[in-house]
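A.B. asks: Going line by line, the protein sequences match chains A and B.
Position 148 of the first sequence, counted from 1, bears residue number 147 in numbering that gives the first Met the number 0, the numbering being contiguous throughout.
Position 67 of the second sequence, counted from 1, bears residue number 66 in numbering that gives the first Met the number 0, the numbering being contiguous throughout.
Where hints are given, some of them may not hold.
[As the list claims (entries may be wrong)] Here are some, though not all, of the chain B residues that point toward chain A, as calculated from beta-carbon distances under 8 Å: (1) Pro10; (2) Gln12; (3) Leu13; (4) Thr14; (5) Pro16; (6) Tyr79; (7) Val81; (8) Ala82; (9) Asp86; (10) Pro88.
Hints are computed from structural coordinates only; laboratory data are not their basis.
Computed from a prediction, not measured in an experiment: that's the story for all the values here.
We put the CB at the ideal spot given by N, CA and C, even for glycine.
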Amino acid sequence: MTPTTTSGSKPCGCPDEEGVTRRAFLKRSALVGAASGLAATGLGTRLAFAAAPYAGDVVVVVSLRGGFDGLNAVVPIGDPDYTRWRPTVGIPQGALLPLEGIFGLHPAMQSLQPFWDDGSLGFVHAVGQTNPTRSHFEAMEEMERAAPGSSTRTGWLDRTLGLRDPGTAFQGVQLGGGLPASLFTGPSPELAMWSVDSFELDGAWDTTERQRWSQALTSLHAGAPATIAKPAATTLGALATTGQLKDAGYTPENGATYPSGSLGDALRDIARLVKADVGLQVAAVDYGDWDMHADMGSVDEGWMRDHLRELSRAIAAFGTDLGPHLASVTLVTLTEFGRRVEENGSGGVEHGHGQAVLMLGGGVNGGQVHGRWPGLADGDLFEGDLAGTTDYRKLLAEILEKRCGASGLSTVFPGLGADRVGVVRTRG
Amino acid sequence: MHLSLAGHWWPSQLTQPKLRQLLPKKLPATHGALVDALSQRLVFRKLSTPHRRAVLTFMGRSAGDPLSPDDAAVDWRLPYIVALILDSPYNAVR
C-alpha cells in the first residue's frame, strides 16, 4: 500500500476508509434521527425498569482503533526474527523495559511499570479474531459484534448488560463521544456522552435553566406511553446526577495526573463515575489513530512513541486515581487487528492480524505476558502476520465469568469454548 | 437537535424561514393563546391543560398574561419554546 501522507496523524488511505466514513455517516444519521425526540441525545430509546444492585467489576474497554501495533509495544525482543523483520522501526533491546520471557516494554510505556510491578497490569500477546480481515471497518464491526459465524447483530457489551437485571441509567456508558460504539448495539440501554460536565440539556446554561427544562419536560412526559416516558425520565435522572457531579467538581486523587487529550479526559470521567457509585457496570472509550502505515517514528520520537506515551500515562493515571477502587475495575484494551510483522518501505507497518492486549485491574493476574507465542519465523506467520493464538473473546469471557459473576455466556459469545487463559482471578 | 434547528444555529447551511413565521401574522393576544397557536402549528393539536400549563411555567407566564411583540416568548425565548414542544411526546407520537 502506498501511504498518502507522510507525517503526523494522518488518514491511512485504506480502500475501506471512504466506505467507513460514508457508512458511519448513514448509521449515525439514523441514530441521531431516532434520538431527536428526546431532550438530550445519547440515550437509547429503550426501556429499563427497576434497578437491582450489580456486584461485579466495572469493565472498561479501551478501543485502540486503527490497528494497534502490539509488536512495537510489548516487544518480542527475544524472538530471533523480530529485528530481522523490523530493522529500522523495531525497538532496540537496550531501550526496552524488561517484562518476562522474550518480551520487553516500549520505554514510552514506563508510566505503567508500577502496575506491572504490583501485579495489577498484564498483557496478552498474539490475540486474534477467528475470521481475520484487513479491513478496518469489517474487523471493528466483527470485534464488537463478537459473534463470528452467527446471525447475532448486537454488540457484546449490550448482550452482557442483557444478562443482568436492568441497572441505572449509568449501567453502560460510552465516554468521549455523542454516540455509542457498536459494542453497545442492541436493546440494553446505555448512555453516550462527550464528558460528564458537558452532558446537559441543550439550552440549559445554568442551574435555573436546567431546572426550568427539567420541570417542563417532566410535566410534558407525564401520561405519555412508557416507551417514550421511561427513556425521558431516565435521561432526566441521569442529567440530574451529572449536574450534581458537575457542581461538586472533581479532583483526581493519590497524585494522579491525567495527560491532556480525549483519552485522559474520558478515563478521568470513568474514575469519577466509579467513585460516585452511580451504577456503572461497563464503560467504553475510544483512543484511535493507530493506523501507522508510514512514519511511525523511532523509539525516541514520533507518532508511535507519542501515542504509546499518552495511552500509558492515561491508564496509569486512571489506576492511580482509582486507588482502592481499582480492586473492582478491570480495564482491557482491544484493537481490530495488529500490524504486519515486516516493516514497509515508508517507515511504517501495514494491517496485520495478531494483536497485543493490555489489562489493568485489581483482579488481573498481572506481571505476566499471557498467551501462546507463535513465533516470527517465516513458517510461523499467518499470511505474513503474527498468528492469533488466543481468541480475544476468551479474555472477555473470563473477565465476565470471574470478575462480573456472569455464567452461561453462550448468548454473549456464541460458539466460544469453555477453555480460558487465566488472565484474571475470581472475584472474592 | 430541535433547539439547534429552531435557533437556526445548526446546520448553518440550512435555509429556513424565520421562526416568527410559525406564528399568525396577528400575534395571539395572550401567552396562553401563543402556546395554543404554536402547538397547533408544530404538532397539529392543542396541548392538554396540564401540559399547556407546563409550557407556560417554562415561559414564566400565566395563560392570561397579555402578549406584546417585544415579549421574550416571541423574541429570544421563542426557539426554546419551539424546541420544548418538539421535545415533548406530542411530537413523538403525532
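A.B. asks: Please write out, lowest number first, the hints stated earlier that are contradicted by the structure.
C.D. replies: The structure conflicts with hints 1, 2, 3, 4, 5 and 7, although it agrees with all the remaining ones.
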